[in-house]
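Protein chains: 2
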Amino acid sequence: MAIPVVLMGLGAIGRAVARAVLTKPELEVVAALELSPERVGKKLSEVLDMPAPDLVITSDVAAALKKAQGGVMVHATGSRLDAVEGELAQALSAGLCVASTCEELAYPWLRHPEIAERLDRIAQKRKVALLGTGVNPGFVLDRLPATLGAVTGPVRMVRAERVVDARTRRGQLQRKVGAGLNEEEFDRGVDDGTVGHVGLMESAALAALGVGLEVDEVDESIDPVESDEDQVGEGGLQVPRGGITGVKQVARAFHDQKVVAELTLIIALGAVNPHDEIELVGDPNIKVVIPGGVPGDKATAWAVAHAAPLLPGAEPGLISVLDLPAGR
Amino acid sequence: MAIPVVLMGLGAIGRAVARAVLTKPELEVVAALELSPERVGKKLSEVLDMPAPDLVITSDVAAALKKAQGGVMVHATGSRLDAVEGELAQALSAGLCVASTCEELAYPWLRHPEIAERLDRIAQKRKVALLGTGVNPGFVLDRLPATLGAVTGPVRMVRAERVVDARTRRGQLQRKVGAGLNEEEFDRGVDDGTVGHVGLMESAALAALGVGLEVDEVDESIDPVESDEDQVGEGGLQVPRGGITGVKQVARAFHDQKVVAELTLIIALGAVNPHDEIELVGDPNIKVVIPGGVPGDKATAWAVAHAAPLLPGAEPGLISVLDLPAGR
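Protein chains in written order, with the working numbering: chain A, 15 to 342; chain B, 15 to 342.
No lab work stands behind these hints, which were simulated from the structure alone.
Just so you know, not all the hints are guaranteed correct.
Note that the list lumps identical chains together, so a pair holds whenever it fits in one copy or between two copies.
[Stated by the list, open to error] Think about it this way: if two alpha-carbon atoms lie no more than 35 Å apart in a straight line, the pair counts; the simulated DSBU-like pairs of lysine-lysine are:
1. LYS141 <-> LYS57
2. LYS272 <-> LYS38
3. LYS312 <-> LYS38
4. LYS301 <-> LYS81
5. LYS80 <-> LYS38
6. LYS81 <-> LYS38
7. LYS56 <-> LYS38
8. LYS272 <-> LYS139
9. LYS81 <-> LYS312
10. LYS262 <-> LYS81
11. LYS262 <-> LYS301
12. LYS57 <-> LYS38
Bear in mind the structure is a predicted one, so any value in this text is a computation, not a measurement.
Could you put the whole structure together from the sequences, leaning on the hints where they help?
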């Protein structure tokens, strides 16, 4: 019998996740929830632009959750945990497991321990599992290094780097990394949280914990990337030579003042040599390269869709991608 | 409280595994078993050439298993499942989980279904888990591709290749891949099972299953590798130009006559460009490269040592590396 699924959030990422979910025979979409009015009342197939169960998108959360009781909520409404805590808590309380794209949910124990504690308590009580996942955080810079840790000895630190050429990515992402802004706008964006990738510190903590290291602190730097030639994004965004084309972020995890993970993320229009590279510094050293890099939006959608059917059988509570088995 | 561990088998691989196990604080070695007489009666620390619990290596299986009841047997006595079934069954019956380097145990359901069935039944009955793991089979060509499947869509096939330069590896491995043999000796060795790597077909099945494909058949070719220059192995083994330096094996898994996994393994003295490469052919395609390749013997030892503490909490029965979580 297929696992009932309620979709929540049908923005760009939510729609990509929904399309991936619809390909999985072990999942059955029984409701689609959206709080922003532009899509409420429309047919799911129309919004997704593909064949889908005959459902009208609703904003009636309680009714939708009831339909999928014992199943999974696939959640894609935001990156910040404090903004989505209520949505997650309501689904867990209604007896649903939750697979969410919320970046801060990937490992909330360090930076949002109270929220993590509250959500974990509800999930344990209702015997359901709650997971934050995606490609980044959720895979390239955390689950993958942790998996590599299975075949090496003591690891001193995890070093990893992901370089993404934003030219071919969604306009929303191009703006989120600050492309086209001047320095003042960029700095203001970083301060108010509208510029920059969310979740890199979470990945740093997960990567270190995943290879058996302890973590007591994380930090992050966010700097603009400037191009030495004119750049044009796919949606038409133009940045002249010398302008800001994107962001370079470095997140570090520490134990006893020593760096145990250092992750570098560059997302910029025209970024040179897009790739992912992961190194476990230890005995023996292991280095992995993914030429071109794991494709972002698609990979996040698949990560959530493949994780969803694993949740009803998982340990109840707030879990992380480190708890997921290797196979689909 | 540490998990009690009995070591079984202290050959080259068994000793490497034992040394890795001794570094793990969550494991406590309480007995060491060896059936070959040369090491029985010696002190464990002496055989391992490192500090170890004050134990004398014994051949009394029942007594050793009794000491570690509720714990784990770390097993490294052979590659062939029919030869080690009795050892595994005895440990499971005594209430121990088992982590084994036995290559055919990595996924025995296809080629040894009756043995798999028998061992699974005992493990289920005694509520203990049984796992075959290592680097190959167990990681590079199966668990790692399956893990990559978490971030991609439908996969048509898994293609992977591992190239190992045998010059720096154990003399036993150099001989096992046929280095220094003439063609007649090589062919005879392949026929009687003394030449060639065991476990590649198991990896092919696991890799395909891990990304959600079905498998109904596997096959394998084993051919000699000839060198175009003189080669010398670390132990002094010399092979003149034109001689056999090692082995090239190709294992394939099929579903409905279509190839769903194709794995190539080259282990030879002086093999050019040692590396691991994994490709998931699908949408989107993903390719991963490990320059130099994951180091073999060390990686197998760590794979077993890191898996052992996970078994008492795992699902009872005969499991595979696809069931293991990402984190240590």
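Quick rundown of the hints versus the structure:
Taking the shortest alpha-carbon separations for LYS141 and LYS57, only the intra-copy value of 32 Å comes in at or below 35 Å, while the best inter-copy value is 48 Å. With identical chains, the CA atoms of LYS272 and LYS38 are at most 35 Å apart between copies only, with a shortest distance of 22 Å across copies and 43 Å within one. Within a single copy, LYS312 and LYS38 get their C-alpha atoms as close as 15 Å, which meets the 35 Å cut-off; across copies the closest is 38 Å, which misses it. For the homomeric pair LYS301 and LYS81, neither the shortest alpha-carbon distance inside one copy (46 Å) nor that between copies (40 Å) is at most 35 Å.
In this homomeric assembly, LYS80 and LYS38 come within 35 Å of each other (Cα to Cα) only inside a single copy, at 22 Å, whereas the closest approach across copies is 46 Å. Only within a single protomer do LYS81 and LYS38 lie at most 35 Å apart by alpha-carbon distance; the minimum there is 19 Å, versus 47 Å between protomers. Taking the closest pair of Cα atoms, LYS56 and LYS38 come within 35 Å of each other only inside a single copy of the chain (23 Å); across copies the shortest separation is 56 Å, beyond that limit. With identical chains, the CA atoms of LYS272 and LYS139 are never at most 35 Å apart, being 37 Å at best within one copy and 47 Å at best between copies.
In the homo-oligomer, the alpha carbons of LYS81 and LYS312 lie at most 35 Å apart inside one protomer (28 Å), although the nearest pairing across protomers, at 51 Å, exceeds that limit. Taking CA atoms no more than 35 Å apart as the test, LYS262 paired with LYS81 passes in neither setting, with 43 Å inside one copy and 55 Å between copies. In this assembly of identical chains, LYS262 and LYS301 lie within 35 Å of each other by CA distance both inside one copy and across copies; the values are 22 Å within and 24 Å between. In this assembly of identical chains, LYS57 and LYS38 lie within 35 Å of each other by CA distance solely inside one copy; the values are 20 Å within and 55 Å between copies.
Going down the numbered hints, you'll see the structure goes against 4, 8, 10, while the others check out.
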